[in-house]
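2 protein chains.
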Amino acid sequence: MAAAGTDASGLTSKDYYFDSYAHFGIHEEMLKDEVRTISYRDSIYKNKHMFEGKVVLDVGCGTGILSMFAAKSGAKHVYGIDMSNIIHQARKIVSDNGFADKITLIQGKMEEVQLPVDKVDIIISEWMGYFLLYESMLDTVLVARDKYLVEGGMIFPDKATMYIGAIEDGDYKDEKINYWDNVYGFDYSSIKSLAIKEPLVDTVDGASVMSDACPFKEIDILTVTKEDLTFKVPFEITAARDDYVHAFICWFDIGFTKCHKPIYFSTGPGAKYTHWKQTVFYTPETLTVNKGEKIRGTIDCAPNGRNPRDLDIIIDYSFSGEHGSEQHTCDFKMS
Amino acid sequence: MAAAGTDASGLTSKDYYFDSYAHFGIHEEMLKDEVRTISYRDSIYKNKHMFEGKVVLDVGCGTGILSMFAAKSGAKHVYGIDMSNIIHQARKIVSDNGFADKITLIQGKMEEVQLPVDKVDIIISEWMGYFLLYESMLDTVLVARDKYLVEGGMIFPDKATMYIGAIEDGDYKDEKINYWDNVYGFDYSSIKSLAIKEPLVDTVDGASVMSDACPFKEIDILTVTKEDLTFKVPFEITAARDDYVHAFICWFDIGFTKCHKPIYFSTGPGAKYTHWKQTVFYTPETLTVNKGEKIRGTIDCAPNGRNPRDLDIIIDYSFSGEHGSEQHTCDFKMS
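One line per chain: the protein sequences are A and B, in this order. Heads up, the first sequence is in my numbering, so the first residue is -14 and it goes up one at a time. Heads up, the second sequence is in my numbering, so the first residue is -14 and it goes up one at a time.
To be clear, the hints were calculated from the coordinates, so they are not data collected in a lab. The structure presented is a predicted model; accordingly, all values stated were derived computationally and were not measured. All C-beta atoms, glycine included, are put in the ideal place defined by N, C-alpha and C. Just to be clear, a hint being listed does not mean it is correct.
Here are some of the chain B residues that sit facing chain A, going by a computed Cβ distance under 7 Å [to be verified]:
1) Lys77
2) Asp81
3) Asn82
4) Leu100
5) Ile176
Computed, partial: chain B to chain A, Cβ under 10 Å [unchecked claim]:
6) Lys57
7) Gly59
8) Tyr157
9) Glu160
10) Asp172
11) Asp205
12) Val209
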């Protein structure tokens, strides 16, 4: 029973209310995600000329790691904002590392707190969620940008690109979806109908990707608006080999493009593991696809009307190939 | 950021309040724990003569799997109680499997609901938590037992035994505890002091166990009282080889001893994986122990005064061997 706490999908929709971020465990996972943390570190350490003497705002500072990167790179002052009680730990860490005078940590919501300064030169933030946008802090970063970022200021990172591809995933689909057809001899298909609507956040073996990758959403953090994060966009993917399609997967790449030399990292299936993994959307039917054949469709992404922390994703696709045609509208919900 | 939901230790202390059990994910994990579920299934299917015509109470019925096992074994009627909204799914599953007339599911707290019957012949429940007692439902089972179990009735399972042993675990201790000494060049030792107080629920390789196993707490579900679950007991473990000790581990075995032929399963490091894994308690110092030398101590276990869902565990141990002596009192908290 106590396994409750270990169930991500069951917990994320409400974690907001009881401040799971107050526990170091989640920060341990993020700190130990070296693709993530070292990309941020490099973008800051390798651009000391950009941070030297600057006022920096760290949105969602957590344990203060990015704030300390910035302070160590010569920032004049760093303001770190976090609503979680982890900020008490962060204050201790910041002072243990001799940055008490350089880094000011403020607990509260970006929308509510008042910084001691009118403007900041640089905003740094690790705001990304699963599927980039699920429970992300991007809205908060935009609030900080519009309220505090000086004209011509910079945001680290400043680019995000979302991708979709198709995968052969028969075995895992059997384990996660078809499992419910027969549970110790009982019919659990009512759960199956829930399971298929829920995108699965998991690591996908690059070898199971059978298509090219279609970028379907580019986000420029310097200019994007909250409204831009509700979108319906087309996609087209082409089979790279003869295979079956059991699911679509989505992932994102992150760019620090204003650096002296741009720094990127990917959360894609081919890239090194990150705690964001990939997001899998199982199709109701298996597609039999030949090399070169195309799957076309649209991805519709919007915060849920009733619970804006949930994400409604509709993947509408059609396929017409040598071995048959499929046309489906699939409703998914990340909650 | 959205990784929040995946942090067990950070979430468990509050999951109660937002009904994480309503999501099928946690039940999927428990159902797929075959050591767990097949042990229950066997204890019921292989004892049809005990269930035939009996009234059965399933405490914390979840998706209703144990209730259906009992109904299929000829129970006259099964009452399943669960406070979680998963019970709505369970009702659908029970009816999809044709047990609507045999199984009655009631949503609520055992302490508050009123069964349509005065007594039941058998109580079945999967109540065990990490370290057996962390966020376990045993208290609820005892309430059900005292209120509803007929004189001479049975409880499945009816026995639980807790064990302690010692492990060589240098590498993982470096990864989980000493990691905080240097996080990307920063001093995070303030987190280290939190981390070492927190028992780690994880899978321990049997090969790292360097001692014998000492049973320190036997629980007879038919007779145990709530008070018995707050205890201070001695233990003594003997090194099975020359090795170092970095941590104590605890686990438990479960017994269905009133079956025609007793059925047991273990959550120990030598046994097949279960979702309970083992619980690791890191020691402040590394012990250098020779084969045959003994570590003696006491384990003190009590619900936390302020939050009874948290578990305070004090391991007091002393060791005197050829390569030195250690005496420590270690406070741990599962929350």
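A quick look at each hint next to the structure:
1. Lys77: Holds, because the Cβ-Cβ distance from B/Lys77 to chain A comes to roughly 4 Å (cut-off 7 Å).
2. Asp81: holds (5 Å)
3. Asn82: For B/Asn82, the interface hint holds, since the closest Cβ of chain A sits about 5 Å away, which is under 7 Å.
4. Leu100: Since chain A brings no Cβ nearer than about 21 Å to B/Leu100, farther than 7 Å, the hint is violated.
5. Ile176: Holds, because the Cβ-Cβ distance from B/Ile176 to chain A comes to roughly 5 Å (cut-off 7 Å).
6. Lys57: Because about 8 Å separates B/Lys57 from the closest Cβ in chain A, which is inside the 10 Å limit, the hint holds.
7. Gly59: Cβ of B/Gly59 sits 15 Å from chain A, so the hint is violated.
8. Tyr157: This interface hint is violated because 13 Å lies over the 10 Å limit.
9. Glu160: holds (9 Å)
10. Asp172: At about 5 Å, which falls below the 10 Å cut-off, the nearest Cβ of chain A leaves the hint on B/Asp172 intact, so it holds.
11. Asp205: violated (20 Å)
12. Val209: violated (17 Å)
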